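Undergrad: One letter stands for each residue in the lines below.
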Amino acid sequence: MNTLLLSADMPTIEFPGIDYLALSPLLIVIGAACVGILLEAVLPRGRRYLAQLVLTIAALVAAVVLTIVNIVDGTNNPVFSMTGPTGEPVRVDAVVMDGPGMFLMAVIGVLGIIAVLLIAERRVAAGGSFVAHAAVAADSQADADQSKLPGATEVFPLTLFSLGGMMLFCVSGDLLTMFVALEVFSLPLYLLCGLARRRRLLSQEAAMKYFLLGAFASAFFVYGVALLYGFANSVQLVDINTAVRDSGNSQVLLLAGLAMLSVGLLFKAAAVPFHVWTPDVYTGAPTPITALMAACTKVAAIGGLLRVFNVAFANSGDPSAASLVWEWRPLFTAIAIATMVIGAVMAVTQTDIKRLLAYSSIANAGYLLVGVIALGEAVGATLFYLVAYGFTVLAAFAIVTLVRDSNGEATHLSRWAGLARRSPRFAVFFTLLMLAFAGIPLTSGFSAKFAVFSSALDAGQVGLVIVGVLSSVVLAFPYLKVVVLLWLSEPVEDAPSVSLPSFFTGTAVAAGVAATIILGLAPQFMLNMVEGAGMFLAK
Amino acid sequence: MELYAPIVVLFAIATAFAVFSVVAAPLVGPRRYNRAKAEAYECGIEPTPTSAGGSRFPIKFYLTAMLFIIFDIEIIFLYPWAVAFDSLGLFGFVEMVLFIVTVFVAYTYVWRRGGLDWD
Amino acid sequence: MTPTYYLVLAAALFTIGAVGVLVRRNAIVVFMCVELMLNAANLTLVTFSRINGTIDGQIMTFFVMVVAAAEVVIGLAIIMSIFRSRRSASVDDANLLKY
Amino acid sequence: MSSFPFLSALIVVPLIGAVITACVPRTKPGQAKAIALGSSLLVLVLTAILCVQYVAAETDLQFTEHYPWVPDWGLAFSFGVDGIALVMVALTALLTPIVILASWNDADVEGRNVPVFFALILTLQATMTGTFVASNVLLFYVFFEVMLVPMYFLIGSYGGKRRQYAAVKFFLYSLLGGMVLLAAIIGLWVASGHNLDWQQLVADGPVQGDLQYWLFLGFFAAFAIKAPFFPFHTWLPDAGGAAPAGIAALLVGVMDKIGTFAILRYCLPLFPDAAQAFAPLAMTLALIGVIYGALVAIGQTDLRRLVAYTSIAHFGFIGVGIFAFTTQSGTGAVLYMVNHGLATGLLFIVVGMLAARRGSSEIADFGGAGKALPLLAGAFFIAGLASLALPGTAPFVSEFLVMLGAFSVNKTVAVISVLGIILAAAYVLWMYQRTMQGTLNPQLKDVAAMRKDLTVREKIVVAPLIAGILILGVYPQPVLDIINPAVEHTMTTVGVTDPAPTTDQVATGDN
Amino acid sequence: MNELSAFGQDPWWLILAKGVVVFILLVVLTLLAIWFERKAVAWMQVRPGPNRHGPFGLLQSLADGLKLAFKEDLVPKGADRIVFILAPVISTACAITAFSVIPFGPVVSVFGHETPLQVTDLPVAVLLVLATSALGVYGIVLGGWSSGSTYSLLGSLRAAAQVISYEIAMGLSIVAVLLTAGTLSTSQIVAAQQAGQEINLGTLGSFTIPGWYALLLLPSFIVFAISVVGETNRAPFDLPEAESELVGGFHTEYSSLKFALFFLAEYINMVTVSAMATTLFLGGWQAPFPGSWWPGANEGWWPVLWFFLKIVVLMFGFVWLRGTLPRFRYDQFMRLGWKVLVPVNLLWIVVLAGIRVGSNEPAFSASWIGLIGGSFLLVLIAIFFWPTREPYEAPLEPDTGLGGFPVPPMDLKIPPSSRTKQIEAEREPAAATGTVTGKED
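Sequence lines, in order, name chains A, B, C, D and E. At position 155 of the first sequence the residue is numbered 155 (the numbering used here), and the sequence of numbers has no breaks. At position 64 of the second sequence the residue is numbered 64 (the numbering used here), and the sequence of numbers has no breaks. At position 45 of the third sequence the residue is numbered 45 (the numbering used here), and the sequence of numbers has no breaks. At position 160 of the fourth sequence the residue is numbered 160 (the numbering used here), and the sequence of numbers has no breaks. At position 51 of the fifth sequence the residue is numbered 51 (the numbering used here), and the sequence of numbers has no breaks.
Next up, chain A with everything else stripped away, as it sits in the complex (with noise of 0.2 angstroms):
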């Protein structure tokens, strides 16, 4: 067959029965980011906001029940499925709805509520944190001039977008539809990086680098699907790891195309040494996307990760095949001690809160890779880590949109200095935020990093477990000099203050401290339920 095109007297195609019901959560966000869409184009300027933030809500709230309707239904199929010519199933399954993916699009949905619920934000800062209109060019007269406008109402339904496209990502069956997933959510991170309302040059520079090096890596990572697509004549995650296990195909191939692969994944996770868009992207964008990509798009990576390495990858329970295991494992296992080792040691050195929670991003990213390499029963650890991780992530990020002066946000962590005075109860609530980052009993921070270390020591992963140990002593470091500054430090001139939060940032910051608590005393549930979710779908 050399021609793409069929001609009209083909016969007839088979057609994939689709289960509608496990695809309603994807559809509905997807569908719901078009309406807003449709939405900004025929609501006037001043009802927009309102109605894009119903919409956005509801839409995601419907998502996650209808995720957690398929979970309890026990949904764990294939979503395309279809009889082949024989009468035996076939399978197309480009959307797996399995335990583990079902959950992490309820993490995302969950998340990204919260996520939206900042950018929602628009009382502590006048009009929100979001410009009015992006092409006006920074720092010029016209840009002084629409300081006061209520920010562009656009960022709503890119933001489901991309958090549709993170769903889809975790349940991708196929590297295509997963290469298509990471690049609708990653397109309008991009924009929405570059989105700030204040310091709109450092926020267009973060765009730029963020875009170009994801650009970079997605296409590391669609070369990466190219040649495993010349490997095992399948893009399918199942037909790939049948392709590993009699593997009589080019294990250079194989290789150089996980390599590439792992090269676009490591990216969105923002482990080392892929992750050095991440302290100027997260320094540069406006503080609730930044919550958002700390929150959902390491769910959505890690995520991923999972799925590619425990279905294609793994072929667990076959010795003969075992060796591809033993050939990435090691290379993982460094990136993940590098990633750790870095993430900890940059961040004591730094003295902005958003690029010190950057790079805590950074050496929890290798915590999560800790997970990711164990494999097998990991699985679980790490999806409660995400969770854990994400809504405390989200809570510190909110508290940092509140710590305000006349410039807007004062991320420099000497502006920080002695507010523990001026709002004790702010104090209070990033000081539980930042023990649990360290890693302290009774906090979700303990809870997930026993999780993963337990469960990768089970696999036998003895050396990153004692680097994971080591590395989070280092890391506790910069969030101690955080707590030191918030209550023993002497505040400074013209400090700034903490602002009122409203209903918004509050709700973020209280959902977030409650997991963070709840979390922490009470994990049990939490386990069932990353338990429960059971092991990814390969066959």
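Treat the hints with care, as some may be off.
[Said to hold, decoys possible] Derived DSS-like pairs (lysine-lysine); straight-line CA-CA distance at most 30 angstroms: (1) K161(D) / K371(D); (2) K371(D) / K459(D); (3) K452(D) / K481(A); (4) K39(E) / K77(E); (5) K77(E) / K37(B); (6) K161(D) / K411(D); (7) K371(D) / K445(D); (8) K37(B) / K67(E); (9) K459(D) / K28(D); (10) K67(E) / K77(E); (11) K452(D) / K28(D); (12) K161(D) / K452(D); (13) K481(A) / K161(D); (14) K71(E) / K37(B); (15) K445(D) / K459(D).
[Stated by the list, open to error] Only some residues are given here: those of chain A computed to face chain C with a beta carbon under 10 angstroms: (16) P188; (17) E205; (18) A459; (19) V462.
The set of hints was computed from the structure by calculation and includes no laboratory data. This one's a predicted model, so the numbers in the text were calculated from it and none came from an experiment. Glycine included, each C-beta is placed from N, C-alpha and C at the ideal position.
Could you slot chains B, C, D and E onto chain A? The hints should help.
TA: Okay, now just chains B, C, D and E, sitting in the frame of chain A:
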């Protein structure tokens, strides 16, 4: 490949002709140097200086280029679908309507935001 | 002609693109290098489609093209906005975010 | 045995007290102090009942309670005390009200939150008690780590100069130990087939193979930092020097004991082979600590730091006692933990009183102060004598037991540790001489507070401690009766028997 | 592949011959077309037109071409020389290559070889035409850009924007043809138009209409016809070369044979799109009357005649437009392309596809078509005629003179020559300050 060979031949002939013309032109024509001739034409006045990296021009052109890309992509998807339409049947129709509607959403947005207006 | 040559060509293009991203300083050029990489991937996909005798690779090329187009749209918008603010598209000039 | 959940109550009561205290408005510090004191006294009463009801002859854990928490990790609220834990609980319960009383006015500084100060002390008490009564390894770890948070804020927010540095250093050192411990606990969890209940672990027998050694090292490192043993000790002088006097007393008097307590509780029974294999190393570290701590203490110019260094020396003794692996030495070590808590607690508190009057804890700022402050000087002297383990004071008994046990195993160790006693005499007496005796430092005349001897509150603070030191010095038998079976049981699980029967007749508590 | 079995069988000499013939044909056609245009416009304007060289002035174009060859070949000072020279080559080569898949007639015998009257055919022939015409835009853009002249640049940008805008409309209009024919091969599209379509009107009886897609797919044909005029930069859409605004547009700076090449490319493109229109919508080389009025009409070499007749008619249409209509304003022109042709086309595609599905799929009844199509239409109407349409917001930033850079806007302000130096002097400090603004921390 045999199908493509004639195209290459035709292309080669066309290129050869064009290259011959461009190469021949300065050889055949006269050459009488005049500084004014070498200037870019601007109705007789000294030409506008252009910046080193090319000049800036209205954003509309970029916008048009982007719109073109979007719709070109739509066409890319429409062609195979159209050719295989009869074997795709109802399923293909519904899918493509969904696709067109999606593109239309973006199109509507652009329209309403003045992206299609050329002032 | 062996299809393998196309693979080699694609790999070379990909490498050129990757190196270009790393060494070039103009955002637009960097961006074009990324596009080159994507097209190298496309070439690889099509070649493998031919070698393997399945049509999937060609279909994937469509999707990659779509994504590339979307990237162009987004990327140009971002680069334009920064260019309008700074009057420079050099990635070296964008240096506010450094420590 | 009563069905009343004593051990939970010991943790919950101070926690509730802490919450109530923290809720008191800042403008009413008196109420907060009263609530805190009341809560700690209630705990003291509960502890007293507990001690009475404790059956000394029983070697198993008593007052056990068990509530599930996170079954997936083998984490449960499992409580239980043996003799060792009981005396530590009692020490905590005793020291806390004294410290609260001693620190009555410590937080009354502009800009400092008094209710929170006392709430933190109560929280600290709850977590420290938790570490002693936990019978689940992970639960122990939870208390062990959470304990850092109140202590961190107590040092960092209410301490003296360099408090931020000291607080962070303390926290990071402890966290380092804690994380290593966490890794080891996870390793234990994996090795034991997902079980972290202490009784179950002991019943199942030790972990097999090389893993035991690694796990032991993980546990030991954490506890050695906590204790602190040389060379993990550098945080203690900073923390002890920067913390408010009462807090320093709690820090050295109780919190550091958790390290040695945990070695006895976890390192020895769970990893007996490793414990024996590493005993020479541990013993060496302990001995270095004895000598090094004493030598450095002599060179100190600051009273608080001096006391902190003496503690390092004393912890060396405790270490020697533990790793000599005899019942006498072990009993001595545990008794030493109690006595040291009393003695050093008193010393820190008295030093705090001195420093509060003088506004400085530099030795050079004193001199001949004893004449104006006879009672204070007396208390200081008694505390000092207890610190150098003079016969008649409580530490003597324990030090003697430790030496005795050590001698029966390794004479060199015993000889070297005797050197430590001599050095102790040197630093204590010299310290007393430089501060209290001799010619009056002329600067002291200008300080009005230096002419004010112990107030009633301060008398109430020092009296029970002095009484305890003296009583236990002459009649330690009741405490030994509680400790001895537990230590014996521990040594049995390690698999060692006392080497020479000749020592039996000397052993005081062998019944 | 079977349908294309007639292709790819030619010996090398036949391939070469076909190539040369098509090439010569195109060049000659261009000369004739120019003459034809001038003559026709002249008639419309009641003047004689060229009448000196050759009979009826037929050789006028040739004379013009020769004259151009002997003109001085200028390359402006500010030009990028290589691109400047390359641009006309690209334009010409692409224009000619597009013709390789146009079918002139059925299979005939040439020196004993059975071969179709078509250089070649591909499964994706229509795409090839689109691709080459799109590549031709590069010639225009590069030519304008490399000239180093403001007029050229603006002209080329306009040309590019125009071509790509109308390419969308054109591309969409072809979809309907593909949908009906089910193939992208030009020869098969022609073949698909052979059979008449029987239209059943229920009780009114039935009748057969010719298979030409121009009749079957009238909306597509109209859109195609309009868009190809824009695509080829012809009047009334000849804005890139609007003499009154932009002098000569992108080829202002070109002279001699390079200019001739652009000219050639433009006329070849006209012929090409006419040929495409013939092929896609007018039954290709088939005899221009329904039914078989003469059995041999579609055999042998006769179809070539029909084919060129149709082309001539279409070419006359081009000329007629030029002679009749005034030039569009640019905004009107873009609005027509984006706001009328594109949505109409999309709607038409959906309706057509719905009808076809309805006729094929028993489960998919006419009411469904009505429902879907109707709702689609309703949504469209609702969107486009939504009452609360916002007034256009003026851009917050004026487009001119940012920091002294020349920004050629639509209302081009040409700085007087005396200020050139001053402007260049201003540029330095402006560029210097540009990087320091907005420094944070």
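Undergrad: Please write out, lowest number first, the hints stated earlier that are contradicted by the structure.
TA: 3, 4, 6, 18 and 19
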